[in-house]
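Novice: If you want the building blocks of each chain, they are given just below.
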Amino acid sequence: MKTVFTRPESLTDMPMHYCPGCTHGIVHRLVAEIIDEMDVYERALGVAPVGCSVFIYNYMDIDMYQAAHGRAPAVATGIKRVLPDRLVFTYQGDGDAAAIGTGELVHAAARGEKITVIFINNAVYAMTGGQMAPTTLLGQKTTTTPFGRDAAANGMPVKVCEMLAPLDGSAYLARVAVNNPKNVLAAKKAIRKAFDVQMSGAGFTMVEVLSACPTNWGLSPLEALKWLEEKMIPYYPLGEYKTPATEVQP
Amino acid sequence: MARAQVTFREDRCKGCKLCASVCPKQIIKMSDHINVMGFHPAMIEDQEKCTGCALCAVMCPDLVIEVAREEKKVG
Chain A
12 MKTVFTRPES LTDMPMHYCP GCTHGIVHRL VAEIIDEMDV YERALGVAPV
62 GCSVFIYNYM DIDMYQAAHG RAPAVATGIK RVLPDRLVFT YQGDGDAAAI
112 GTGELVHAAA RGEKITVIFI NNAVYAMTGG QMAPTTLLGQ KTTTTPFGRD
162 AAANGMPVKV CEMLAPLDGS AYLARVAVNN PKNVLAAKKA IRKAFDVQMS
212 GAGFTMVEVL SACPTNWGLS PLEALKWLEE KMIPYYPLGE YKTPATEVQP
Chain B
131 MARAQVTFRE DRCKGCKLCA SVCPKQIIKM SDHINVMGFH PAMIEDQEKC
181 TGCALCAVMC PDLVIEVARE EKKVG
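The listed protein sequences derive, respectively, from chains A and B.
The working numbering runs 11 ahead of the 1-based position in the first sequence.
The working numbering runs 130 ahead of the 1-based position in the second sequence.
One chain only, chain A, in its complex shape (with noise of 0.2 Å):
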């Protein structure tokens, strides 16, 4: 019999510590995965955030850096321009991305940083305990929208890929979900080619990842993936929003 599923060896075999259901797993896999593939082992940097996914370095086995909160794409860029010839890329939930360091993941995007951000959408701020996040959908109800999310007072949920397309600096936007296998493995795609734009110079890349977070949702693991479909999904449609002129051979 020959093994056609382990873990990849970019990743360390130390349990993480999310909760049940928590599809950031799922996307330190396919990361890591890619990394295996590309054969980069050696010359991939990735930035950590703060967030649930601060402990990523713990379970990311190469060269992991963590910054400040939502300064990843600022501390990558120092990164990437000091070693040009390494895979850089940010791993960045929705308040790290799209609140606290919005302006840093902006211009970073209109400077034509040639980094990826993987930027994991789960419409909460998570490990602060459920707040509302510039992701949160209409009328979901978190800890400081206990009556929902309401348009008038809250304004409407940041679209991160549309915002950043019409930037020239901008190379590669996608949006993928993790939902299910077939969602999965398109984010994979996805983000093996936000890699390989980026290694061929073309410019800023973002992969942005629709997560569960069962429980800031309050759902079960299967409801959560189930909400994703239904409510996510339709907000934040998935697909490339943006890619190089040129196709970019792997």
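Read the hints as simulated data drawn from the structure, not as lab findings.
For each residue, glycine too, the CB sits at the ideal point set by N, CA and C.
Errors might be hidden in some of the hints.
What the hints assert, rightly or not - Not everything, but these chain A residues come out facing chain B in the computed CB check (under 7 Å):
1) PHE16
2) MET27
3) PRO31
4) GLY36
5) ILE37
6) VAL195
7) LEU233
To be verified - Covered stretches of chain B, as calculated for chain A (at least 3 residues, CB under 8 Å):
8) 142–151
9) 182–192
We have chain A already, so just place chain B on it with the hints.
Specialist: Below, chain B alone, put in the same frame as chain A:
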């Protein structure tokens, strides 16, 4: 002889059931006992029925599942 072998690293499992929900043969169940973390870990009920599609492993957030299968014979 089973076509595929699925191994669950039981003590890593958090019992989220994502693997069971995507199994096309519906042969993944939750154990009655609890593991070191206090969850009911996933287990395979009938190894003979497993085709080794690895969809369970693709959805597992905690790298519990390892899949091996017979290589396809060509010709």
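Novice: Now tell me if each hint is right for this structure.
Specialist: Verification of the hints:
1. Residue-level restraint check for A:PHE16 holds (minimum Cβ-Cβ distance to chain B is 4 Å; threshold 7 Å).
2. Using the Cβ-Cβ criterion of 7 Å, the hint placing A:MET27 at the interface with chain B is satisfied: the shortest such distance is roughly 6 Å.
3. Interface restraint check for A:PRO31: the shortest CB-CB distance to chain B comes to about 4 Å, inside 7 Å, so the restraint holds.
4. The interface hint given for A:GLY36 is met, as the beta carbon of that residue sits about 3 Å from the closest beta carbon of chain B, less than 7 Å.
5. Hint status for A:ILE37 relative to chain B: holds, with the closest Cβ pair at about 5 Å, below 7 Å.
6. Hint status for A:VAL195 relative to chain B: holds, with the closest Cβ pair at about 5 Å, below 7 Å.
7. Because the closest C-beta pair between A:LEU233 and chain B is about 6 Å apart, less than 7 Å, the hint holds.
8. Residues of the segment 142–151 of chain B lying with their CB closer than 8 Å to a CB of chain A number 7, which satisfies the three-residue condition for coverage.
9. Taking a C-beta to C-beta cut-off of 8 Å, the segment 182–192 of chain B contributes 9 residues in contact with chain A, enough for the three needed, and the coverage statement holds.
Every hint, counting from the list given before, is met by this structure.
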